[in-house]
Amino acid sequence: MLFHTLDFAVFLPTVFLLYWFATQGDRKTQNVLLVCASYIFYGWWDWRFLSLMLLSTLVDYSVARALSSQKGIIIRKGLLGTSILVNLGVLGLFKYHGFFIGEFSQGFSFMGQEIKAGSLNIILPLGISFYTLQTLGYSIDVYRRKVEPASDFVAFSAFVAFFPQLVAGPIERANNLLPQFYGERRFDNGKAVDGLRQMLWGLFKKVVIADNCAPYVNMIFANPSEYSGSTLVMGAVLFAVQIYCDFSGYSDIAIGTSRLFGFELKRNFAFPYFSRDIAEFWRRWHISLSTWFRDYLYIPLGGSRTGRLTTLRNTLLIFIVSGVWHGANWTFVAWGLLHALFFLPLVLLNKNRVHLGIVGEGRWFPTLSDLVKIGVTFALTVMAWIFFRAESINHALSYFSGIFSVSLFSFPDFIPKTVILFSVFFLAIEWLGRGQQYAIEILTINSGRPIRWGVYLGLVLTIFFFYPSNPQEFIYFQF
Amino acid sequence: MKIFLVKVVFFASASLFLILTIGIAASKIVASQAIFAARSETKYVIFGHSHPEVAFNDAYISNFQNFSKSSEPYMYILPKVKNLIHQNPNIEVVFIEFTNDQIMEGWDRRIGSSRLMNEWMPLYGAFLEASDLFFLFRGNPIGLVEALTISFRIQFKKMWSRKYPAENIGGYFNLERDNTDSLLQSLTESGHDEIESGDERLSEYHIQCLKRIAAFCRNSRKKVFLVRSPQHPSWIRRKNESLFQQVRKETFRDLDFLDFNDFPISNSEFGDLRHLNHRGAYKFSVWFNQLLEDGLLDRGNKSDYIEKKIREMDSTLSSN
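Those protein sequences? They're chains A and B, same order as listed.
Residues 6 to 484 in our numbering are what the first sequence spells out, letter by letter.
Residues 61 to 380 in our numbering are what the second sequence spells out, letter by letter.
Incorrect hints may appear among the rest.
Said to hold, decoys possible - A few chain A residues facing chain B, derived, Cβ under 10 Å:
| id | residue |
| --- | --- |
| 1 | A197 |
| 2 | Y461 |
| 3 | F482 |
Treat the hints as calculated values from the structure; they're not laboratory data.
For glycine and all other residues, C-beta sits at the position ideal for the given N, C-alpha and C.
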């Protein structure tokens with residue numbers, strides 16, 4: 006079920022009303038309802054893959070329970086190993102087996118040996134990369150004794166399957182989300198209104214900006230050789246806008262929906278395109294994933310505490326893993342490597358924690374120096390996005406060769422005026438609201454009712470009338 | 061909670077009201093600005109579904125333009141006819157396809173199907189009359205809401221981008237396929253025919269819309285003719301011929317009927333049992349052009365003249 010469809014428009018109010026009225030505030034009944042709703046939400050897409058989610062839930066619940074009663078280090082490691090093996094095994098089977106089989110047979114044919122490797126033609130279960138990391142993180146936290154193992158199976162199932170963030174995050178930590186399933190939940194008018202507002206803003210980003218960028222991006226990336234260099238640059242920039250609005254829009258809707266049910270999810274984006282260097286970008290982009298890799302991979306590998314060389318190795322590894330996590334394609338590896346290339350000099354120069362605050366805080370406009378830094382950082386991320394969006398490395402390279410031609414200095418082949426108009430409006434709101442949790446807060450929180458309602462109605466009307474004829478799935482659903 | 065729900069319902073109602081207001085306003089603006097252009101030399105136009113779409117190749121018929129479109133019901137043809145006639149005073153004669161399948165109830169159901177509504181409403185939603193909307197609402201209220209949603213968006217986007225020329229309003233379609241022999245063989249082997257179950261009753265609304273088209277053309281002082289383009293003798297719909305003739309005589313007795321059903325076409329000139337392919341279209345269009353040039357439309361007994369010309373064509377082909 007997609008957030009921006011009629012199905013969800015019926016599903017959400019139904020679950021909301023049942024949750025607050027039919028359960029009579031009973032926490033256990035509410036959790037049962039959330040589990041059922043989440044399974045319906047997921048099964049709407051393909052009910053067969055519910056079994057995978059159930060498997061992951063059962064394994065991690067049992068492993069954590071066993072971990073709590075075991076003191077022997079070998080058994081505890083064995084239990085954790087089981088969780089890692091099952092979660093990563095399932096992920097590997099469904100997400101990466103085709104890639105490895107392909108690379109394996111290609112490697113042999115390169116050496117003059119032809120081998121016929123069969124593929125299982127398995128489709129990628131929705132959200133598997135997200136809930137796998139979430140449950141794996143839980144098992145690791147229990148192993149590290151940072152989190153108490155869940156004793157309530159229903160609450161744990163709700164934690165794994167919680168429908169707002171099930172298919173594309175934010176990837177939650179057990180110590181943040183799980184206790185919320187244990188506690189009593191009371192309806193909070195302020196939170197609910199805030200949730201609806203964030204959902205509205207997320208929908209605007211997804212439907213009006215991302216989905217209206219998509220046709221142009223798809224057209225330009227499908228045949229880069231047919232367009233001038235300037236058009237290719239425009240295509241890459243539009244993709245940067247599309248992927249940000251698509252993914253952060255999803256996160257906004259997920260966080261907002263959770264608030265309607267009395268839950269607080271982690272923030273996933275913090276205005277990343279206003280970053281002044283790549284390190285700041287990674288503190289602001291897909292925060293739940295980058296912090297997951299930091300806490301469960303980078304730090305266990307030694308982080309930055311064991312010398313410069315190890316730090317560089319660990320940083321490089323994190324970016325490669327982050328690329329591979331996105332998909333089984335060399336383009337994602339190249340995307341990760343490119344970011345590592347931009348990031349490592351900052352680590353070497355010890356300048357990766359320079360920009361920690363809000364850019365241009367207390368000012369209407371950024372300083373020239375900040376503006377240049379923001380521009381350069383954005384240009385670097387756009388370059389990396391070309392690899393991310395391309396079908397193959399060759400495709401990305403031909404896109405780049407198209408950009409760096411004489412036609413780079415020509416006028417673009419076409420100008421998508423409406424998309425640009427909305428993007429500029431969006432950018433302005435983002436800039437104004439960069440100090441908030443999400444941008445639209447700035448226009449509504451301290452304004453009178455007429456302005457607030459005017460903004461909300463304006464957003465609803467824009468979403469309705471600019472809803473694309475071919476609505477796109479969320480980009481991160483494929484990961 | 062109560063306050064929250066009241067606010068949400070109030071906000072949703074206000075949003076709905078504004079969407080409806082803007083959607084209707086956009087539809088009105090698009091309806092008043094829409095451009096339905098025919099060629100300046102066009103005197104004759106034809107409307108209908110896929111049969112005339114593939115039969116009348118207007119490249120071979122002088123001063124003639126084909127505006128037929130596959131699966132297009134009369135309800136959506138009506139606004140097209142109205143706009144084309146209003147905006148193109150050079151149009152003098154309107155041909156409307158009227159054939160055996162178009163009297164059947166299946167068309168009423170098809171008009172109200174979500175699939176067709178979603179296809180046609182974006183094109184003609186701005187022009188539909190209240191009676192049409194009521195008919196659609198009675199048959200498929202949810203489908204209508206969905207189709208209106210799409211239509212409002214499309215009309216708004218047209219208004220926003222100021223793109224008023226009507227798109228996809230039909231034209232000759234060059235059908236390449238040549239499946240008739242194999243189709244006949246498989247039908248013979250399977251012993252099946254093509255008729256749809258539950259489709260034996262007469263259409264009400266679809267035929268009413270045809271009457272409205274004819275009335276509009278006459279009020280606009282245009283000549284109107286019902287036309288039946290060539291069909292294969294084995295086409296299953298021809299079995300309702302007596303019912304078809306009854307409807308024609310009772311409902312459209314004041315309209316001339318130009319019947320080309322028996323125009324001699326070989327199997328290789330049919331795409332399938334109901335559609336001419338490009339070879340058949342060429343043969344028929346050249347012949348039809350000659351009829352127009354010979355003054356078919358000014359003759360007293362057009363049916364006899366057509367029959368005579370078909371017989372002549374038949375004998376010419378036999379002697380060859």
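To see whether the hints hold, each was checked on the structure:
no.: 1; hint: A197; result: holds, 6 Å
no.: 2; hint: Y461; result: holds, 7 Å
no.: 3; hint: F482; result: violated, 24 Å
Comparing the model with each numbered hint stated earlier shows that hint 3 is the single one that does not hold.
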